Amino acid sequence: METDEIVARVAAREARAVARLISWVEDGAPELPEALAALPPRSPAYVVGLTGSPGVGKSTVTSALVGAYRARGRRVGVLAIDPSSPFTGGALLGDRIRMQEHATDPDVFIRSMASRGHLGGMAAATPQAVRVLEAAGFEVVLIETVGVGQSEVDVAATADATVVLLAPGMGDGVQAAKAGILEVADIVCVNKADREGAEATARDVRQMLRLGGPVDGWAPLVVTSVAARGEVADLMAALDQRRAWLDEGERGWQRRRARAAAEVLALAVGRSRSQIAERLSPEIVDAVADGRLSSFAAAEGLIPGQ
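Its first residue numbered 1, the sequence shown is counted upward by one per residue in the numbering used here.
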């Protein structure tokens, strides 16, 4: 598919073209910059990031949110961010089985995604995939991460609302605080709230967040859900509240500016890293390894313009 054809088909909301262009994003295809530049401008989607440790029910919550937004008539895109295999470069976990109930809905697009060859990694690939979905007319984009780590930081930089999911009885509140995950939370949702200890977990998290105070004027919300039964009304209300807050004044614009800065920086760093790696010769490596050259001196010599 040629660049102009794929752009036209994305604008016409063809799912196969959307999938192909997101594959270009993953691979860092040579045609990608031209294709992204040619995409028609559309209203920004509301981007929601969902993160949390394995077992909290991320995919179930994501699926329930898809159902809730579809009930409002919204077109929903889902990006499931998986770790990239160093051997095959593919997304290890594949499309989520629990999402298949939405698979036949033409107004829902679901895709697992890994940064196979993108110079900027997920930090650049994720906002570019969001831009593709926006061009295809998706009004809400849900980004689900596979676990905890750098991907959470990358998603938080992309999302308008970052939801940290916890579950009762897993010690998640304490672990999340230790891992610093609560620092990226706009909303904390204790899922599986029909289990014993859910209210205690929510109370503990509220106390932890109270110690930190509001970030940029936003005080993180703590809600509960039972996503397996589709009970995500409180989470939807919190997401609505966050969106209304962003729509006040220039907050939404400032959020988009921060997202653009993170994307540009990730691309620049990725491109520089690639260029520097090409200049790292076996001779330089040998000289550092046997002590003839310091690592600092070697690094200085690899930086363009030095």
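It should be emphasised that the hints constitute simulated quantities derived from the structure, not laboratory data. These figures come from a predicted structure and were not determined experimentally. Every residue, glycine too, gets a C-beta built ideally from N, C-alpha and C. Wrong hints could be hidden among the right ones.
Label pairs and their in silico Cβ distance ranges [claimed, not checked]: (1) G252 <-> Q207: 22 to 32 Å; (2) R271 <-> F296: 17 to 27 Å; (3) E231 <-> R257: 30 to 40 Å.
Quick rundown of the hints versus the structure:
{"no.": "1", "hint": "G252 <-> Q207: 22 to 32 Å", "verdict": "30 Å, holds"}
{"no.": "2", "hint": "R271 <-> F296: 17 to 27 Å", "verdict": "23 Å, holds"}
{"no.": "3", "hint": "E231 <-> R257: 30 to 40 Å", "verdict": "36 Å, holds"}
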